[in-house]
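Each chain is listed here by its residues.
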Amino acid sequence: MTINEKQDELVDEFEFLIDWIDKYEYIITSAKELPIIDEKYKQDQYLIKGCQSRVWLYPETRDGKIFFTADSDAIISKGLVNLVVQVLSGYTPAEIVGADVYFIDRIGLKEHLSPTRSNGLLSMLKQIKLYAHAYNSLKA
Amino acid sequence: MEAITDRVETAFIYKGEPIRNQFPALHQSVYGKPLVYFDNAATTQKPNAVIEAITAYYSTINSNIHRGVHYLSQQATDAYEVTRNSVASFINAPHSHEVIFTKGTTDGINLIADTFGYTYLNPGDSVLISAMEHHSNIVPWQIICGKRGATLKVIPMDESGELLLDEFERLLDDRVKIVAVTMVSNSLGTVNPVSEIIKIAHENNIPVLVDAAQAVQHTKVDVQAMDCDFLVFSGHKMYGPTGIGILYGKEEWLNKLPPYQGGGDMIKSVTFEGTEYNDLPFKFEAGTPNIEAAITLNSAIDFINEIGLENIERYETELYQYALNQLLQVEGVRIIGTAAHRSGAISMVVQGAHPYDIGVLLDKMGVAVRTGHHCTQPVMDFFEIPGTLRISFAVYNTKQEIDVFITSLKRALTILI
Ligand SMILES: Cc1ncc(COP(=O)(O)O)c(C=O)c1O
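For the record, the sequence lines run as chains A and B.
Residue numbering for the first sequence follows the working numbering, beginning at 1243 and increasing consecutively.
Residue numbering for the second sequence follows the working numbering, beginning at 199 and increasing consecutively.
Hints are supplied without guarantee of correctness; some may be wrong.
Derived EDC-like pairs: lysine to aspartate or glutamate, alpha-carbon spacing no greater than 16 Å straight-line [unchecked claim]:
no.	chain 1	residue 1	chain 2	residue 2
1	B	K231	A	D1261
2	A	K1265	B	D561
3	B	K231	A	D1342
4	A	K1248	A	D1342
5	A	K1265	A	E1251
6	B	K562	A	D1264
7	B	K562	A	E1337
Hints were generated in silico from the structure; no laboratory data involved.
From just these sequences and the hints, can you work out the full model?
This is how it looks when you write it as structure tokens:
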């Protein structure tokens, strides 16, 4: 599946979740699927600082693709992080760099991307892109 | 005895109407749910009287103050000075020229930290604050202490969130030049014994600044009875507009301090060789102030005065108690801040649920709360928690809203835990 196919699949699933609370229940449930970062990487170096909840993100490459593991102390952040990781993990640096991450907006969670929101989602997306850029230039 | 909170819609009448009806912002839906606004410690909603006064100001007397010979300027200047007089009587200041308009609490503290610091702080001196101060009563002192080679010292608190007064007395050596404490904690709700603190400090000839940002809207503040040297608060937390605050200072102190900012209005005469500063209060009001906010703050004070701070305090105490009792019945809730005397805000954490998660879900149920450290990070560190969920009350809140909050909280917790 391409990044966009994954995004579209998520958008479809959220279509059925009309009530806000249902959307969040979905996000919270999905937090369980997040590939959890190894304890030894839960250090400042991999910490993405949101003001209220903390997110750790660790990138690894296998066969030229980047895979992410992560964690958060708040479950909603963890669920949101999981959605992003599910969408972007397992692709080449070039694919990640070029990805247009539109699903967050389309499923009605755009507010979480505002820089004034302190859950770290925006910083996390930036960080993922930075990692991908770094791997990309390493290869080049 | 019937509780006043039970007759809530009619408990207080202002200008012939139940007060809740006079706050348009309270009558809206968010995410399809009726709004329950419990973030009043951050800022209160505004009554029609204030909203209308803002429009009226711009529709009629808008002009610059203290400058024009023309009619509008005189009207605006008069209205501006009317608020100063109202504020003076609101806090029982002996003179209206002891009332300085600022941008807010933060601005007032910065003004005193800076001017007092430059005049009285020398290397080896110290400033004494408390363990529960808002960042705005920490950072300005840190900055000036850094510049003057002085030290910032902290009055500790106990597990309930009460200041340790014996420790306070122990810390009051002759290098302490000023004490700055909050009257009511915005994160713990603790009401501090400021009168006692001031008395003790004065016995040692040390002046005291009181942060009344969380006090003036809930209880009668009398600067003469308290005998504070400086007092600061914000208009926006007392039903008034944003961008205006008050610094009260005793005349003798304000006269001893240098100006904070230079500019128009704060001068008597200017030449390139030097400037003769204006008298109080203008010496501290450089430049065109927030005229609109200063003038319309008067409508907020009228609103409070009309209901009466004693009534407000009695009503809000009932609400506070009711909320505490209801919260005790929610499993897993731990109240942060259990001082004997509390007001305004209730902070809590719940075992197994991050405050941020609860806050996001409550928001989607229409309940506005605040989560995080509430600009009091040292308090969170003290309790070793990442933050709290805080509800805070205003005079327009009702028991029914507390019930909605409790039901929503329970629902959020079943989703999260
Ligand atoms: C106790 C206390 N002090 C100071 C402030 C700062 O007030 P302002 O942001 O209006 O300057 C606040 C408000 O958050 C407060 O609660």
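Now for the hints, and whether the structure bears them out:
no. : hint              : result
1   : B:K231 / A:D1261  : 11 Å, holds
2   : A:K1265 / B:D561  : 13 Å, holds
3   : B:K231 / A:D1342  : 33 Å, violated
4   : A:K1248 / A:D1342 : 12 Å, holds
5   : A:K1265 / A:E1251 : 15 Å, holds
6   : B:K562 / A:D1264  : 10 Å, holds
7   : B:K562 / A:E1337  : 35 Å, violated
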